[in-house]
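Undergrad: Given next are the chains, with one letter for each unit.
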Amino acid sequence: MASHSVSRLSPFNVVSLALGLAFLYLPIAILMIYSFNASRLVNVWGGWSTRWYVELMNDQAMLAAAWMSLRVAAVSATAATILGTLAALALSRGERFRGRTLFSGMLYAPLVMPEVITGLSLLLLFVAVQTERGFWTVTIAHTTLTMCFVAVVVQSRLGAIDRSLEEAAMDLGCPPARAFLYVTLPIILPAVIAGWLLAFTLSLDDLVIASFTTGPGSSTLPIRIYSEVRLGVKPQINAICTLIVAAIAVVIVAASLIAKMSSVRGESAAPL
Amino acid sequence: MMARRLFARPARIAAIAPYLWMALFFLLPFAFVVKISLSQTAIAQPPYVPLIPLTEGWAATRAALAQLSLDNFRLLISDNLYVLSYLRSLTVAAVATAIMLLIGYPIAYGMSRLPARWQPVAMVLVIVPFWTSFLIRIYAWINILQHDGLLNKTLMALRIVREPVTWLSTDTAMYIGIVYSYLPFMILPLYASLAKMDHALLEAAADLGCSRLKAFWLITVPISLPGIGAGILLCFIPIVGEFVIPDLLAGSDRMMIGQTLWLEFFTNKDWPVASATAVVLLAVLLIPLLVYQRLQQRQLGAD
Numbered sequence: 001m002a003s004h005s006v007s008r009l010s011p012f013n014v015v016s017l018a019l020g021l022a023f024l025y026l027p028i029a030i031l032m033i034y035s036f037n038a039s040r041l042v043n044v045w046g047g048w049s050t051r052w053y054v055e056l057m058n059d060q061a062m063l064a065a066a067w068m069s070l071r072v073a074a075v076s077a078t079a080a081t082i083l084g085t086l087a088a089l090a091l092s093r094g095e096r097f098r099g100r101t102l103f104s105g106m107l108y109a110p111l112v113m114p115e116v117i118t119g120l121s122l123l124l125l126f127v128a129v130q131t132e133r134g135f136w137t138v139t140i141a142h143t144t145l146t147m148c149f150v151a152v153v154v155q156s157r158l159g160a161i162d163r164s165l166e167e168a169a170m171d172l173g174c175p176p177a178r179a180f181l182y183v184t185l186p187i188i189l190p191a192v193i194a195g196w197l198l199a200f201t202l203s204l205d206d207l208v209i210a211s212f213t214t215g216p217g218s219s220t221l222p223i224r225i226y227s228e229v230r231l232g233v234k235p236q237i238n239a240i241c242t243l244i245v246a247a248i249a250v251v252i253v254a255a256s257l258i259a260k261m262s263s264v265r266g267e268s269a270a271p272l
Numbered sequence: 001m002m003a004r005r006l007f008a009r010p011a012r013i014a015a016i017a018p019y020l021w022m023a024l025f026f027l028l029p030f031a032f033v034v035k036i037s038l039s040q041t042a043i044a045q046p047p048y049v050p051l052i053p054l055t056e057g058w059a060a061t062r063a064a065l066a067q068l069s070l071d072n073f074r075l076l077i078s079d080n081l082y083v084l085s086y087l088r089s090l091t092v093a094a095v096a097t098a099i100m101l102l103i104g105y106p107i108a109y110g111m112s113r114l115p116a117r118w119q120p121v122a123m124v125l126v127i128v129p130f131w132t133s134f135l136i137r138i139y140a141w142i143n144i145l146q147h148d149g150l151l152n153k154t155l156m157a158l159r160i161v162r163e164p165v166t167w168l169s170t171d172t173a174m175y176i177g178i179v180y181s182y183l184p185f186m187i188l189p190l191y192a193s194l195a196k197m198d199h200a201l202l203e204a205a206a207d208l209g210c211s212r213l214k215a216f217w218l219i220t221v222p223i224s225l226p227g228i229g230a231g232i233l234l235c236f237i238p239i240v241g242e243f244v245i246p247d248l249l250a251g252s253d254r255m256m257i258g259q260t261l262w263l264e265f266f267t268n269k270d271w272p273v274a275s276a277t278a279v280v281l282l283a284v285l286l287i288p289l290l291v292y293q294r295l296q297q298r299q300l301g302a303d
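If you're matching them up, the sequences are chains C and S in order. Residues in the first sequence are numbered consecutively from 1, following the numbering used here. Residues in the second sequence are numbered consecutively from 1, following the numbering used here.
Next comes chain S alone, as it looks inside the complex (with noise of 0.2 Å):
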């Protein structure tokens, strides 16, 4: 006891060098998002009117402030072109995600129902491809999904159909893609949360009765739901912000929300609505990210 108290003070000398590296470079950088936000649009280098002159006193700062404008936030509103990004982002989420929940889950249990031996097998299988580069995997799909790609082949060859489907620039390209990309990340929790379940349990409710549908209903699933929560948040967040997939895979016609912000930055060059468009961003997914800080934190820190 007396050793853990002696270790908690050099512990907290060690947080010192990553809280200053955090605080430095992903907090404070969320600090000139919301000030550039504000600020107004310059044809310049780089291209908005400068910041707050904080140097040149009390003055100075009050005229800059006051030349704040809540101008590119109004713009988010009245466009339509933003509010149908956000929303369809929202919605490939929410789609993406549930697609991958009901993949997933048969697959993770089967991965908790190997034996023993082979469960770390299965998930080394799973987590490899998640270490093969993110970009690699979707141009694969854009190999097997082009015109004359393997899929419009093989379905021609099996007399599936007659013409060759357009798939690329389809949202049913974007969505194989994403689940595809995703999967481990819904996988593992469920996995995680599943192999610690005592398969006694099944066997006691067969024992006394219970259909295995409603075992697998009044059992499996509430057991499971710390996964099915982790594996939620872990692939719904990220989505959101998605810019990659959709770019390369779905039609240019309809936009995600990451699209967006990348087309006013790179294309555009206004900063600006590119960074309100990423004080909003975050704004819609504070709530998902103070969920899974709190699973994660009961996760990790139960010890």
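Chain C on its own, in the form it takes in the complex (with noise of 0.2 Å):
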């Protein structure tokens, strides 16, 4: 299959294939270029200049909110790594169970449940419960979110590698638990990692459901940059979103280079 598609690649192929790529990275591009503006005026450009990023580190409100929403994405990834990775191995090696499709229709509901939904319903449920508002009501919120996130990542990941492996881990006697541990946990750790960094990013990307379950006084990122969009484009605004971008940036090279390394060691493993 693999030597038929190197020759088929026509001209209308590859234009489409630009055109794609141009049309989703060069608006990004254009913003971060921007960001170095040293003009006032967001469209003149005046030259390279870092004033912009001098000028945000002063900005406290929007550093406690960064603080704020990366504080939010650690923790609720986390949680959502476990139960997320919980989920997925429930449903890929859980076979039948009483009640598997409400938990898978629960799993899968909220990858595209429109987010005021969400976030006005667990909203509602603090209200309810009269739980102050605030850093751990966003993290419940997230982690309820990304966990779904996780469990599909995870769960594909399961649903490709081979069985045996745990198979002969256990009719050898080794409990089900320590199979998972050091068999199973092993092979799919990639996907658990990215996984976490999905949610993480997801966490800090996301402005709707913060909105809903914030309390006063306790902004997100997402919060503040939004109120800040509202009246117009800023060159302080550029600046904090090109940081945003290089962080995630980061965040997606060492993903891939983690993902690498355990691909390497796992085959140079395999033959021991």
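Incomplete in silico selection of chain S near chain C, CB under 7 Å: (1) P10; (2) R12; (3) A15; (4) A17; (5) Y19; (6) F30; (7) I107; (8) G110; (9) P129; (10) W131; (11) F134; (12) W141; (13) N143; (14) P238; (15) A278; (16) Q296.
If you want the ones that stay clear, here's a sample from chain C, every Cβ over 10 Å from chain S, calculated: (17) Y182; (18) I187; (19) V192.
Read the hints as simulated data drawn from the structure, not as lab findings. The beta-carbon is built from N, C-alpha and C at its ideal position, and this holds for glycine as well.
Grab the two chains, each in its own frame, and use the hints to assemble them into the complex.
TA: What follows is the structure, encoded as structure tokens:
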């Protein structure tokens, strides 16, 4: 199949690929370039400068929001990874159990559920049980949303791996929990890490659900950016956006390096 | 086989924590949405008549139940604002999804025809923008589309237009934003189904005298149907409830239902009406949601 596809790239294919990628990347590239614009006027190029980054460092409200977002993302991604991995395990290894359809339904629905519904419903729950809203309510909300993404990522990996290894371990008398820890988990680890990273960035990115579930005084970074963006384009916003994109790029590169390393190690370890 | 059964029970135990979590934080909250959608608006904190007092005996519960009303739903039907918002949401989602199918298909097709070692690279390139912040991507477009933004400058430099065109606060801007944000969700399932296609089929068709267009229509499209279905649902459902993109890019004269809900909740502080809006939105999306569930289960459950 691969040998066929080598020679089959038509000019139409090349053009649609190039245009598609340009469409996806150009706007962000422009934004990043303009964050280094010396001019206060966002559309006039006044030479290169880092003044907006310096100004950003003095914006206490923005820094506080960024710190809140990072904490929420770290805690919720970790919780979501544990819960999501367990859910994926149950779905792909649990065979049939009562309520399985409901279980998978609850896991897949949030992936496409409009965020206004998820946000509103969680808020009404928090109000009903009279919780004080802030860091923990946003964290719980993000865990709920992102664990579903983790579950899907890990589940597709669990479906692709060779089961005979974990079965062999158990046939040799290894208890299932240990078989999971020593055999299955190392194999699915790249997917688990990818799931954590995805959960982290989704949490960092979320505006709508956080707006519903947070309380007064605890803004996340997207809430803060959103209120600024509504007032128009500002060079500082270009700068913070560039920083976020750069941070995410680092995360992605790190993730792909980890994936590569683990696959290399997996291959060399296989003969042992 | 023995081991497989051995693993089944602990896996069921593994289900307990995520099961309880989702029941508590995903399923249960809908009960509150439904309940509050049936209650009266009140000027209070929180702004609705309190919970059904289950702890205060049957009589009090019955009295509270008697107070439940469909008033909020009557309002949704009778006030044009809501009906129009729902219609607009469905239209926008349908049009945007159709545009994305038209744009995404050639891209996914091009990806599937790349040499095998380039395909993962192309996939990463499509996924990466999905990882960068949603809000930032919309903001990037505000930059480009504003009155003296890059698009108008380019168009004027190329002498395509003389005067700057108003892009922001128009439906065009909103569609650009939606297509830009959701395109990866369309491309990836399309690519997943196209990558599995055996290109020998197309060669066979050509050998038998079938024209390329006809071969595409008779072979490629049917093979990619699951991808088309998944892509459509993955885009259509969340777009119907979209809030951020229409709020930042479209004009304020016509609203999508996500905006109406947001307005009722945050500006008007009318939680019961906002809840009723959510209940109806969920009902509208129920069928596409169920179809999506079936697709997901079949895709991930088949092992």
